[in-house]
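Novice: Sequence:
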Amino acid sequence: MTYPNAIAKFEWLPQLFSALFFLMLFIVGLGSNLGVTTSIVTAIRDQCPWLKNWQVVAVVGSVGFLCGLVYLTPGGLDLLDVLDYYGAKYVTLTLAVFELVTFGWIYGVDRICRDIKFMLGHNTSLFWRICWGIVTPLVTILILLLSFLEYEAFNVPVGYNVLGWFIYILAILQLPGWALYAASRLSSKTFGTFVESLKKSFRPLPEWGPGEVADRTRYQEEVEQHEATLPRDRNVSDFIKRRLFSKTS
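Using the working numbering, read the sequence shown as starting at 171 and increasing by one per residue.
No wet-lab data here; the hints were simulated from the structure. All values reported here derive from a predicted model rather than from experimental measurement. Only true hints are included.
Computed spacing ranges between beta-carbons, pair by pair:
#1 C237 with L290: 39 to 47 Å
#2 L400 with T243: 57 to 65 Å
#3 I410 with L250: 42 to 50 Å
#4 F297 with P374: 21 to 29 Å
#5 W298 with C237: 35 to 43 Å
Simulated pairs of lysine to any residue, SDA-like, Cα-Cα distance not exceeding 25 Å:
#6 K411 with W298
#7 K369 with F273
#8 K287 with V271
#9 K417 with R388
#10 K287 with P380
#11 K417 with I282
#12 K411 with P307
#13 K370 with L345
#14 K370 with E394
#15 K259 with N325
#16 K417 with N405
Positions of the beta carbon are idealized from the N, C-alpha and C atoms, including for glycine.
Build the full structure now, drawing on both the sequences and the hints.
Specialist: Pasting the structure below:
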């Protein structure tokens, strides 16, 4: 029995409870879309600051509305299930794994703890270092692997499942695609080789740091002092120790 049918059987004010129920659904949907829409609007305005906020919001909202009309078609519910399955499950988990690896091992737990020490003035405990660098990435990778092992195609036309995998591949290709784009731009600016630019693109930019000039200068001085005290990595074990256990000054 669906909720609308159950509410319709209320003896007292079924119309009121029906209105409240669908109002609740509308508010929940509105709230869940605010974060996604705000992220898109912010990204566009960062790249095109000359655009007014209402213009970007109007375009993003209109495009989202038009894209949502496809769910009103006879196959809309099947399409919604497929997109939710491949997008919300596989894409989210895969991107989360790459994000956690970037957070913990490319930028590094040691740099994160150093930045926390700079901003808040206290050291990060070993518990959080282990969680950020080992536990959380491994658990997320395990969940992703189990999701692939337990994969079952939807009982829908083949085209729907093909579309789902296409969306997954397209989303994952964003990572190497934008990495190559950043490396090519850096290569054109520095006139170095592409491999050198690719390596540099995995490091923080020179202007990375606080927005205020005075704070950024002090931050860069502390970064230089911290980097100077770190021993050279001779093997993988040294790299792991530095990432997880290096002390912040």
